Amino acid sequence: MSRMFSCPRPDTGISVTRRESLFGIGASLGSIALSALLSEESSAMAPGRPSGHLGPHLTPRAKNCIFLTMEGGPSHIDTFDPKPELEKLHLKEFIRQGKEKSAMESGKRYYVRSPFKFHQWGQSGAWMSEPWVHLREMADELCFYRGCQVDSVNHPTAMYQLNTGNRFGGDPGLGAWINYGLGTVNRDLPGFVVLPEVSYPQGGAANWSNGYLPASYQGTPLRPKGSPILDLAPPKDFTRDRQRRNLDLLASLNARHQAAHPWHGELEARLQSYELAFRMQSTVPGLLDLGGESPRTLSSYGVGLEPTDSFGRKCLLARRLVERGVRFVQLYAGSWDSHDYIERAHGNLIRQVDRPIAALLADLKQRGMLEDTLVVWCGEFGRTPDNGVRGGTAYGRDHNPKAMTIWFAGGGVRAGHTLGATDETGTVAVEEVRHIRDLHITLLKLLGLDDNRLTFYHGGRFKQLSQFGGQAIEALIA
Amino acid sequence: MTVVGGGGASATLGAPVGEAEVLFARRVWPLLQEKCTACHGEDEAKRKGGLDLGTWKKVQQGGESGLPGVVPGKAESSPLYLSVTRAHEDWEAMPPKENDRLEAEQIGWIKAWIEGGAPWLEETQRNLVRSASGGSEQEGETVVTSGGLSGDWTYRRYKSEDLWAYRPVASPIRGAPGNKHPIDAFLEAPPSGASSLSAPPADKRTLLRRITFDLTGLPPTPEEMKDFFNDPRPDPEAWNAVIERLLASPRYGEHWARHWLDVVRYADTSGFANDFERGNAWRYRDWVVRAFNADMPYDRFVRLQIAGDEISPGDPEAIIATGFLRMGPWELTGMEVAKIARQRFLDDVTNSVGETFLGHSLQCARCHDHKFDPVPTRDYYSIQAVFATTQIADRRTPFAASENVNGFEERQYLLIRQQAYESELLRLNDQSIAAGRAWLKENHFDPAPFDRALKAVTAGKGSGNKGSYEQARVKMLKEGVPEKEIPPKLAGFSPQDFGGERVARKGLERLQWELERYEPFALAVYDGLTPQMTGVFRPLRIPEDRMKSGEREQTAILAGGDPFAPTVPVRPGGLTAIETFNPEVKTDFPQSETGRRRALAEWIAHPKNPLTSRVIANRIWAWHFGQPLAGNPNNFGSTGKKPTHPELLDWLAGTMVAAGWSMKTMHRLILSSQAYQRAAPGSDLDDSGEAEALMAAYRAFRPRRLTAEELRDAMLQATGELNPEIGGIPNRPEINPEAAFQPRQVMGTFAAAWVPNPLPSQRHRRSLYGLRVRGLADPFLEVFNEPAPDFSCERREVSTITPQVFALFNGLPIHQRALALAARSIRESGEDSSVLRRVFDLALGRPPTPVELESCLAHWHSLIPELPRVSEGSPMPTEIIREAVEENTGEKFTFREILPSNQDFVPDLQADQVDARTRALADICLILFNSNEFAYLY
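Protein chains in written order, with the working numbering: chain E, 1097 to 1574; chain A, 46 to 983.
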């Protein structure tokens, strides 16, 4: 119905139905009133089954994805990719060749070693730097990948590329694509939920945009402070009863108008969206209330403890969301943009996320959910082995789009392996080197989607997450 | 010369060439090149499945399956054919990408070629066959262009109907049969199968509401409604009077500028990592408003935006107009390679010119010849060469008398912030000096060199040198003091200080851009050499030696679009396919630094350029009717939708050129047609499909939801709060307070909070004038589909999602409007039912029905006694404490952000200032603002 006003496109076999337009962030929480609206098209779908649109095209290895976004560019050299060579080169001058020089190279630059010691953990002997004291217990669940490269050396463009495939923003986010492809399992919740930091990442909400996909695929940020969704609650002297009565009067006024335009389905959809919104006012706060979790669970995630409280809550909430069928949950932690004092900055950041992430993996595993859930840990790029040394000690690292470490856990990945490699200084990926688009294709594949078939016609061409197509990184897939 | 046949048979070209040979040369071979050989070609590294389709021998060898790729004579046994059908169990669908899937016709060529014996021709033979015969209609047409990267592209054939946009515009000759309006005459022939029924003319109220929103983006006032109903003149005259009144209203230019600004991606900030403010972008926005209001001929409108500075270098308006070229997001951070950033600008401006004026997104041709349209990559770089001497700068441009320079005194608030940042840096500097001395003492180093250095760097600068500590360190280093004896950088910094220093330092940097608002500079361009840059942290100016210093760019075709991989040099020019169909358009493009853009402007605005006039005629039509004639206003290429009424589109385009490119003439024509004045599908129709068919055929009017801006502006007009001031520096209305204070990371720091203007009249400007920050959309406008300025928006989307309900039913700004409407209605009328009549009149432009009146009265009265007492609203905070993770330490830190203008903040009417009767009535107003009748335009 809303199709008649949206951008025209050739028949792709997908119409923007009323159902989609209601399921924006506008997911219904409690679908009683909705059932009537959906009845005409729900016959084909058994309750609880995904209302899929395009896929799955392949056998899914995971049903959900939890994406741990380490914004700012975590250093692979100080987390999961040890570079003993840097011990030898420490404070020796670093000279970059080539014409692609940027201002980053102004002044003298020096190699700097990692301030952290590295050890191997688990049967698999996964390398981790010392500040990771909890994650190492889960070492054999992880699949490390050191071959990924991106195009952009600036945060927002690299974030856009990580999240949407397109450096310049405006395209749909990963979670939008996945929900577009697989539909939602839980009609009462949005399929793409974002748990941002109090301060939004560079590039802002465009990182979880629906882009040219229907607005219903937009990521729903649940804000960690204040109202989780903007304007979720009415002004404070509006009781629920007063709102209900206002809604009833609105409905009666709308009824007269609607009678004059019975063909105009958008009017009914709009009416229903008011009812959904009214219900969400009570159900969303309930979802966010962690009171029902056991004290043991809470403390395992580090909830209520510093410095883990903030990310611990997000990780626990991520599990609760995935449990309820949310397809794609994206968590933000940062900023890992440590140009100076990497020891202090990265050390603190690792301590903030280490325990919550380990708890999340353990919790998922214990509940039998890990095999259906793909967990990804990733920044928008890695960091350089060199730095303009600040005051002799305050060194950090700059942006490096040519080398980074990403790890995966859960559904369908080769746990206990480290794939790809960077050169001996961590400057550039040299083994199993792939563009990030191949990473996107791999993620889709694990979730049962074929990037080449997960397309949307916009602006004169079929668009896809990878932009131009590519190849899955088969080595990562079990 | 022989043709090697598939079955090994051979033939000479002298003999009659078979259909299969022609098919191969013209169709199959180019198709293989376009769709297959990237993965199945010579390049072994890229080859997939071991299959090479480059030579007949390799085709016969086949791929990993071991079967030959083609079995001559037997399509159904040929893997090549089976794969492209995408329907065979054993053979994977090819090409893999949905984008590349073959059309039925193309699959048919492959089939016919195989069935015809699969003859294979080498290059010279292929070229001979291709050029030998003219080809039939079905085989399509070749188009002469500047030439593709391969002969196969150059000689490829296009379906005739895909070239419609390049052909000359048919001259507007249609005589009107009888007294029919020409537009109605063109629309008369119903598309086959459609009903020939038409909706009746809409009623007067609907019509006035429709045209008033259409031309001004606002609802008619109750007085205007009354005047229209009471106009004694017969219908066409009264209607024409309305058209003239609205076209003469300055509100017209504001609303139609909004359309244009959607297309050009207008924003007041530069996007990406820094999202720096473009302090004077507003002057371009206002220039567009003035251009529409003055009915500037469209060809001039085009010329000035592309080359105003070259055409009228002395005219400030012409300089301001070139702001168009700067609309894309752009920055150069210290991290990025300057040449890449420069190339981003060039690519952006090339594509934008194509999309905006020519209905051609050109970016496809950046890396390769266009896959579907006759746009060779050479043409892309020819257009780009036009901009090779175009440099960005904010140019000194005096304010014209026509510009609104009110409100510059708000600058004082920025200066207070500037002062606060300065003091913070000074404090930190003093702290570091003390800490540095302590460090020297602790480590038993001689303090004298430090003291000497400090004294030297502060000499003559008083105590106000906020960087003296760091300067002293650098001086010591230069003087050869061993590094280990120099006190450390940022000595004595706590995590708090690291954050504070960064926020202050970057805050000063950001203020430089914001202070630009009040200065006589224009977001513009100049001609010159490309200056060397390492980062842009303050507004750019024209360098004095613009023609001497820097790189003289020689544009070349860039392999893969990579600025470090130039191949063949190109000269400035336009789209050569256009010149093939319309030789008059050909223009001389100079090679000198200056004049290239002027030439392009002439080329685009040429009356015979068929894209330019069709594109704007189509846009105007779409903005009036909510549906374009050619379905994709930004894409007139073969992948865009074909015009539903091609003759009408040509008639409109031709008429517009003949009328001196007058926009207002076009409005008059369209608005006076019957099609425009028809009712929407009515109550007798409940089949949405049937309604859709009627609307698509212009037999019933297509209703639409109001845009985000229209919703807001209509409420402000209903409450009487709308400030009609035109133009000027962007204003800042109150937005959702949590969004206003939402911390937002920008490069190295946090963007300042959204602080509303202090005075209600400043806040209640039309939505067009709100500061548009790329990184922070007004959540209200955003949920109602205000387009993000990342992409050109050819047409507003409409979606129905629950966040709209939260914004429109719960949000602060709406409750303020509801209260203001209640207060106004009570002020302007007497007893309760007359108050309600006034509410309906102001909000919906009609009186309530008796039933509505009764239910609203009952609701109102029931609410009054139960409303809780309202306490005084809390004043706007004059500072906020921000919490963030500091990147130097990875630790949380907080900082205080001052909001100086909030000291002078005058709130809108507050609930505690009115009685319960008014507050209860505000609920009725809220409900009306949320009603479908308010939100939809019929």
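It is possible that some hints are incorrect.
Derived CB-CB ranges, DEER-like [unchecked claim]:
hint, chain 1, residue 1, chain 2, residue 2, range
1, E, A1329, A, P922, 19 to 29 Å
2, E, K1188, A, L560, 23 to 33 Å
3, E, E1419, A, R131, 31 to 41 Å
EDC-like mimics (lysine to aspartate or glutamate), calculated; alpha carbons at most 16 Å apart, straight line [to be verified]:
hint, chain 1, residue 1, chain 2, residue 2
4, A, K103, A, E148
5, E, K1332, A, E911
6, E, K1332, A, E528
7, E, K1321, A, E282
8, A, K937, E, E1570
9, E, K1332, A, E942
10, A, K384, E, D1405
11, A, K93, E, E1570
12, A, K937, E, D1405
13, A, K249, A, D229
14, A, K416, A, E148
15, E, K1321, A, E783
16, A, K534, A, E515
17, A, K486, A, D496
18, E, K1204, A, E528
19, A, K520, A, E487
These are computed hints drawn from the structure, not numbers from a lab. All values derive from a computational prediction rather than experimental measurement. Glycine included, each C-beta is placed from N, C-alpha and C at the ideal position.
Structure-based check of each hint:
1. A1329(E) with P922(A): 19 to 29 Å: holds, 20 Å
2. K1188(E) with L560(A): 23 to 33 Å: Violated: the Cβ-Cβ distance is about 44 Å, outside 23 to 33 Å.
3. E1419(E) with R131(A): 31 to 41 Å: For E1419(E) and R131(A) the Cβ distance comes to about 38 Å; the hint holds.
4. K103(A) with E148(A): violated, 25 Å
5. K1332(E) with E911(A): Measuring from Cα to Cα gives roughly 14 Å; hence the hint holds.
6. K1332(E) with E528(A): Violated, because 61 Å separates the two Cα atoms, which is more than 16 Å.
7. K1321(E) with E282(A): Status violated; Cα separation ~59 Å.
8. K937(A) with E1570(E): Violated, at about 40 Å.
9. K1332(E) with E942(A): violated, 27 Å
10. K384(A) with D1405(E): Violated, because 44 Å separates the two Cα atoms, which is more than 16 Å.
11. K93(A) with E1570(E): Distance of about 15 Å is within 16 Å: holds.
12. K937(A) with D1405(E): holds, 12 Å
13. K249(A) with D229(A): Distance of about 20 Å is beyond 16 Å: violated.
14. K416(A) with E148(A): With Cα atoms ~14 Å apart, K416(A) and E148(A) stay inside 16 Å; holds.
15. K1321(E) with E783(A): Roughly 9 Å separates the two Cα atoms, so the pair holds.
16. K534(A) with E515(A): Distance of about 7 Å is within 16 Å: holds.
17. K486(A) with D496(A): This hinted pair holds, its Cα atoms lying about 13 Å apart.
18. K1204(E) with E528(A): holds, 14 Å
19. K520(A) with E487(A): violated, 22 Å
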